[in-house]
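There are 2 protein chains.
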Amino acid sequence: MAEKNIRERIKEVAVEHFNSNGYHGTTIRNIAKDVNCSLPMIYYYYNNKKELFDEIIKKEYFDLLKRQAALLRTNSIIDFYTKFVYDLNFLSNYEKKVYRLGIKVYLSFDGDEELMEIMDEWEKTILPRHYQILKPYLKNTDNDIGIVRTLVHLLETLIESIVVKNRFLPEEEIQEEISIVLRGCE
Amino acid sequence: MAEKNIRERIKEVAVEHFNSNGYHGTTIRNIAKDVNCSLPMIYYYYNNKKELFDEIIKKEYFDLLKRQAALLRTNSIIDFYTKFVYDLNFLSNYEKKVYRLGIKVYLSFDGDEELMEIMDEWEKTILPRHYQILKPYLKNTDNDIGIVRTLVHLLETLIESIVVKNRFLPEEEIQEEISIVLRGCE
DNA sequence: ATATACTCTTAACGAACGTTAGATATGGGG
DNA sequence: CCCCATATCTAACGTTCGTTAAGAGTATAT
Numbered sequence: 001m002a003e004k005n006i007r008e009r010i011k012e013v014a015v016e017h018f019n020s021n022g023y024h025g026t027t028i029r030n031i032a033k034d035v036n037c038s039l040p041m042i043y044y045y046y047n048n049k050k051e052l053f054d055e056i057i058k059k060e061y062f063d064l065l066k067r068q069a070a071l072l073r074t075n076s077i078i079d080f081y082t083k084f085v086y087d088l089n090f091l092s093n094y095e096k097k098v099y100r101l102g103i104k105v106y107l108s109f110d111g112d113e114e115l116m117e118i119m120d121e122w123e124k125t126i127l128p129r130h131y132q133i134l135k136p137y138l139k140n141t142d143n144d145i146g147i148v149r150t151l152v153h154l155l156e157t158l159i160e161s162i163v164v165k166n167r168f169l170p171e172e173e174i175q176e177e178i179s180i181v182l183r184g185c186e
Numbered sequence: 001m002a003e004k005n006i007r008e009r010i011k012e013v014a015v016e017h018f019n020s021n022g023y024h025g026t027t028i029r030n031i032a033k034d035v036n037c038s039l040p041m042i043y044y045y046y047n048n049k050k051e052l053f054d055e056i057i058k059k060e061y062f063d064l065l066k067r068q069a070a071l072l073r074t075n076s077i078i079d080f081y082t083k084f085v086y087d088l089n090f091l092s093n094y095e096k097k098v099y100r101l102g103i104k105v106y107l108s109f110d111g112d113e114e115l116m117e118i119m120d121e122w123e124k125t126i127l128p129r130h131y132q133i134l135k136p137y138l139k140n141t142d143n144d145i146g147i148v149r150t151l152v153h154l155l156e157t158l159i160e161s162i163v164v165k166n167r168f169l170p171e172e173e174i175q176e177e178i179s180i181v182l183r184g185c186e
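These protein sequence lines are chains A and B, in that order. Going letter by letter, the first sequence gives residues 1 to 186 in my numbering. Going letter by letter, the second sequence gives residues 1 to 186 in my numbering.
Hints may contain errors.
Beta-carbon label-pair distances, calculated as ranges [to be verified]: (1) B:34 to A:44: 34 to 44 Å; (2) A:74 to B:90: 40 to 50 Å; (3) A:184 to B:112: 38 to 48 Å; (4) B:127 to A:74: 24 to 34 Å; (5) A:75 to B:137: 40 to 50 Å; (6) A:121 to B:116: 46 to 56 Å; (7) A:112 to B:71: 34 to 44 Å; (8) B:50 to A:112: 23 to 33 Å; (9) A:184 to B:74: 24 to 34 Å; (10) B:120 to A:65: 21 to 31 Å; (11) A:166 to B:93: 24 to 34 Å; (12) A:121 to B:93: 23 to 33 Å.
Source of the hints: derived by calculation from the structure; they are not laboratory data. Every residue gets a Cβ at the ideal spot worked out from N, C-alpha and C, and that includes glycine.
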C-alpha cells in the first residue's frame with residue numbers, strides 16, 4: 001500500500017491525461033510514469049485502457065452531475081441558477097477535469113458509442129427537470145418551453161466557459177445573463 | 001491524375017477521420033484506404049500528418065467562418081441572427097465536419113497549442129463584432145454588453161447543436177430563443 | 001527516341017503502443 | 001518458520017504507427 005490508494009492515484013492521473021490528449025493520445029506508459037509506478041500496475045487495478053476510461057465517465061462524471069443537481073434551491077430563481085453556475089468556478093481541479101472529460105464525451109468528441117448512448121439518455125432528462133424547477137415562476141404564456149430551452153442552452157455555454165475553457169466567470173456576469181433570459185419571471 | 005483532384009480527396013477523407021477519431025485516433029493508413037490510394041501518396045501531397053490537420057483548420061475552417069460572417073443583413077436583427085443559425089442546417093456534410101473539427105480545436109479538445117492560440121485570437125474578435133452589429137438596435141441601457149454577451153453565448157450553443165450534435169433546429173425554435181434574449185430590441 | 005518531370009507503388013524502417021508472462025517483494029496467519 | 005495471498009516489478013510479446021527509401025509507370029518536351 002503506497003502513500004495514497006494507488007488505484008485512485010491512477011484514476012486521477014488518467015483523468016489528467018485523457019483530458020489533455022484524448023483517449024487515443026493517452027498511453028498507459030505515460031500514466032504509469034506520472035503515478036510513479038510500473039506499467040503493469042495499471043493492469044493490476046484495471047483490466048484495460050477502456051475500462052479505466054469508462055470508470056471515469058460512468059462513475060466520476062455522473063456522480064459529479066448528480067451531486068450538482070442536488071443543490072438546494074434559494075428563494076429567488078435567478079439566484080438559484082446563478083449560484084448553480086457560479087459554484088462551478090470553485091470545483092477542484094480534479095472535478096473540473098472530470099467534468100470537462102464528460103462534456104467531451106457528451107459532444108461525442110471522445111469515448112465510444114456505448115458511452116454516447118448513456119449521455120443521450122441523460123440529455124433527455126435535462127429539459128423536463130428544468131421545466132419542473134422553473135414551472136412556478138413561468139407566466140403560462142405560449143413560449144414557456146422556449147424560455148426553459150433558452151435558459152438550458154445558455155447554461156450549457158456558461159458551464160463550458162468555466163469547465164472546458166477554464167475561465168473564471170464573475171457572479172455578476174452570470175446573474176446578468178440569466179436575468180436577461182428570465183426577464184419577467186418571478 | 002485521378003477522377004478528382006487526389007489532394008482534395010485526401011483532405012475530405014481526413015476531415016471525416018479526424019472528426020470521428022480525433023487526431024491521435026486517425027491513422028494515415030486508414031485515410032489512404034478510404035481514398036483508395038497507397039499510403040505514401042499522402043506524404044506526396046502533405047509533408048506529414050500534422051500538416052494535413054493544420055491545413056484543415058487553418059484553411060478550411062477559417063474560410064468557412066469568414067464566408068459565414070459575410071452574410072448579408074436583413075432588415076430585422078432577429079431575422080438576421082435566426083437566418084445566421086438556421087442556414088447552418090444546410091451546410092454540406094463536409095462543411096459541417098470541418099466546422100465540428102474547428103469547434104473541437106476551439107474547445108481545445110484536439111489540436112495543439114499553436115492552433116489554440118489562433119483560436120484565441122479569433123475569439124477576441126467575436127464580442128466586438130456582434131456589438132457592432134447590434135449597436136443600432138440596443139437601447140443604451142447599462143446592460144447592453146450583457147445582452148450582446150448573452151446572445152453570443154446562446155448562438156454558441158445553437159451552433160453546437162446543429163454542427164456538433166448534428167441536430168436539425170427548426171427556424172421557429174431558433175427565432176424564439178433569439179427573440180427571448182433580444183426581447184425589447186428593435 | 002530519349003531525357004525529364006510528375007504521379008504513384010511496394011516494401012521496409014525504427015519507434016511506440018496495449019497487453020501479458022513470469023518473477024520478486026511483502027506481510028499476516030498457521 | 002513457513003505458507004499463501006496480495007502487491008509490485010522486469011522483460012518481453014505481437015501489432016500498429018508515422019515515415020521514408022527506392023523505384024515503376026506515364027506523359028510531355030526536346
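Here's how the hints hold up against the structure:
1. B:34 to A:44: 34 to 44 Å: For residue 44 of chain A against residue 34 of chain B, whose Cβ atoms are near 39 Å apart, the range 34 to 44 Å holds.
2. A:74 to B:90: 40 to 50 Å: Holds: the Cβ-Cβ distance is about 43 Å, inside 40 to 50 Å.
3. A:184 to B:112: 38 to 48 Å: holds (46 Å)
4. B:127 to A:74: 24 to 34 Å: Distance hint for residue 127 of chain B, residue 74 of chain A holds at roughly 30 Å.
5. A:75 to B:137: 40 to 50 Å: Given range 40 to 50 Å: violated, Cβ gap about 34 Å.
6. A:121 to B:116: 46 to 56 Å: Given about 32 Å between the Cβ atoms, the range is violated.
7. A:112 to B:71: 34 to 44 Å: Taking Cβ atoms as reference, residue 112 of chain A and residue 71 of chain B lie about 37 Å apart, which means the hint holds.
8. B:50 to A:112: 23 to 33 Å: holds (25 Å)
9. A:184 to B:74: 24 to 34 Å: holds (26 Å)
10. B:120 to A:65: 21 to 31 Å: holds (29 Å)
11. A:166 to B:93: 24 to 34 Å: Once the Cβ atoms are compared, 32 Å apart, the range 24 to 34 Å for residue 93 of chain B and residue 166 of chain A holds.
12. A:121 to B:93: 23 to 33 Å: Holds, since residue 121 of chain A and residue 93 of chain B (Cβ atoms, about 26 Å apart) stay within the stated range.
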